[in-house]
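K.L.:
Sequence:
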Amino acid sequence: VAFAVCVCGVFALGMSTLALGFMMKFSHQLVKAALFFSIGLSLAVGIMGLLSGQVLMGVMGLVSFALGCCYAYFVWGRIPFAAANLNTALSAVKANMGLAGVAYF
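Converting from the sequence shown to my numbering requires adding 26 to each position, the first position being numbered 1.
I should point out that these hints are in silico values taken from the structure, not numbers from a laboratory.
A few of these clues could be false.
Stated by the list, open to error - Listed next, with one range per pair, are the computed distances between beta-carbon atoms: (1) VAL31 with GLY124: 49 to 55 Å; (2) VAL101 with MET49: 17 to 23 Å; (3) VAL128 with ALA45: 20 to 26 Å; (4) THR43 with ILE105: 24 to 30 Å; (5) CYS32 with LEU93: 44 to 50 Å; (6) ALA30 with SER64: 31 to 37 Å; (7) GLY124 with ALA45: 17 to 23 Å; (8) ASN122 with ALA98: 18 to 24 Å; (9) VAL27 with LYS51: 48 to 54 Å; (10) ILE105 with PHE29: 41 to 47 Å; (11) PHE100 with GLY35: 40 to 46 Å; (12) LEU77 with PHE29: 45 to 51 Å.
Beta carbons are placed, not taken as given, at the ideal position from N, Cα and C, and that holds for glycine.
Build the full structure now, drawing on both the sequences and the hints.
P.N.:
Written out as structure tokens, the structure is:
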């Protein structure tokens, strides 16, 4: 059991390090992808709700889709600022990675 825990811990450490690097390199695209994902998922919920006969769920999904589109339109110009904030936060996390070990022991 202890061996499995150690293997999982090392694997998680490696994956989180890769994810941190990925997020720092592609912060602009990550913010845009999050917006598109939210909009797409709302549209999918709306369509699936209507197809399954759940009118209220379909309407709420489509309303969420419309609000998500409006939100994306109005914040699109602020994506560089959000990406810069994300990079700053990730840089702080990367600079203080040693504190994670202290937190667990």
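K.L.:
Next step is simple, just say for each hint if it's right about the structure.
P.N.:
Verification of the hints:
no., hint, verdict
1, VAL31 with GLY124: 49 to 55 Å, "violated (21 Å)"
2, VAL101 with MET49: 17 to 23 Å, "holds (19 Å)"
3, VAL128 with ALA45: 20 to 26 Å, "holds (21 Å)"
4, THR43 with ILE105: 24 to 30 Å, "holds (25 Å)"
5, CYS32 with LEU93: 44 to 50 Å, "holds (46 Å)"
6, ALA30 with SER64: 31 to 37 Å, "holds (36 Å)"
7, GLY124 with ALA45: 17 to 23 Å, "holds (18 Å)"
8, ASN122 with ALA98: 18 to 24 Å, "violated (33 Å)"
9, VAL27 with LYS51: 48 to 54 Å, "violated (36 Å)"
10, ILE105 with PHE29: 41 to 47 Å, "holds (44 Å)"
11, PHE100 with GLY35: 40 to 46 Å, "holds (43 Å)"
12, LEU77 with PHE29: 45 to 51 Å, "holds (48 Å)"
Hints 1, 8 and 9 from the earlier list are contradicted by this structure; the remaining hints agree with it.
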